[in-house]
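K.L.:
Okay, here's what each chain looks like letter by letter:
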Amino acid sequence: MTKTHEPIVWSLFGAGGMLTAMLTPILVLITGVLVPIGIISPERMSYERMLAFAQNPLGKLVLLVIITLPLWHAAHRIYHAHHDFLIHTTKVHLALTYGLALLLSIVTVVLLLMVGF
Amino acid sequence: MSEFTANGATRKPYRRPIKRSWWVEKAFFTKYMVRELTSVFVGLYSLILLLGLYRLTQGPLAFGAWLIGISSFPSVVLHLMILGAALFHTITWFNIAPQAMPLQIGDRKVPERPIVIGHWVAAAVLSLLVLVLFIVL
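Chains A and B supply the protein sequences, listed in that same order.
Residue numbers in the first sequence follow my numbering, run continuously in steps of one, and reach 122 at the last position.
Residue numbers in the second sequence follow my numbering, run continuously in steps of one, and reach 141 at the last position.
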């Protein structure tokens with residue numbers, strides 16, 4: 006990647022940062038706390054419901070956004086944090102941050118297609 | 005470390021020594037570093053959801069196992085940590101929003117406070133909407 010990758014990944018970082026700020030707390034609270042401890046019925050997250058959600062085009066879009074954008078946000082921050090720890094970044098670091106975000110984004114798209122319509 | 009300049013001559017610029025722990029010494033820098041590292045938890049949450057999606061494609065048994073996994077005690081503790089990190093991210097993100105996206109109406113610059121409050125209102129409305137949709141749908 007050359008210097009020109011910055012505007013693209015920065016916009017993904019910005020969008021991811023905003024989405025994370027707005028929605029991640031409530032999502033984590035629901036899927037990671039309220040459903041697991043039973044305040045919200047685990048039935049709400051049953052296989053049938055989640056499958057129907059993942060098969061709905063709008064549901065697919067929601068899942069794509071809430072899974073991939075925070076990954077780009079994290080990749081950007083982790084990549085640049087190397088500098089803060091005085092670690093000189095190489096192509097390996099690029100691959101393990103932005104590259105991994107790209108790979109996992111592709112995996113997300115593939116899984117969303119595999120889950121059917 | 006020596007460098008080459010445009011005409012090929014070497015130069016040895018002075019670099020002020022920096023300790024790797026520079027961010028521990030001042031609360032402002034530590035807060036900055038904590039903010040940057042919240043992204044590790046945020047990324048981890050995406051991985052958990054991605055794993056759930058993968059298990060969903062494998063069928064009801066696989067997805068059920070994922071559900072049991074996220075219902076375990078260590079998982080709830082982990083998610084509470086992710087929640088803390090996410091909230092720290094939200095606070096810091098909204099606080100710098102006026103500088104990141106300055107608003108201007110006509111010739112007047114919109115003051116910072118309403119922009120920050122506007123972000124919190126949007127987050128509250130969206131969160132409530134998500135919660136209601138999750139319970140009702």
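I should point out that these hints are in silico values taken from the structure, not numbers from a laboratory.
From a predicted model like this one, the values you see are computed outputs, not experimental measurements.
Incorrect hints may have been included.
As the list claims (entries may be wrong) - Computed from the model, here is a short list of chain B residues facing chain A with C-beta under 10 Å:
hint	residue
1	G56
2	F67
3	L107
4	V114
5	I121
Said to hold, decoys possible - Facing chain A, a subset of chain B residues (Cβ under 7 Å, in silico):
hint	residue
6	R24
7	L57
8	W70
9	I72
10	S75
11	F77
12	M85
13	I86
14	L91
15	N99
16	V129
By construction, the Cβ of each residue, glycine as well, lies at the ideal position given by its N, Cα and C atoms.
K.L.:
Any hints this thing doesn't respect? Which numbers, in order?
P.N.:
3, 4, 5, 8, 9, 11, 12, 15 and 16
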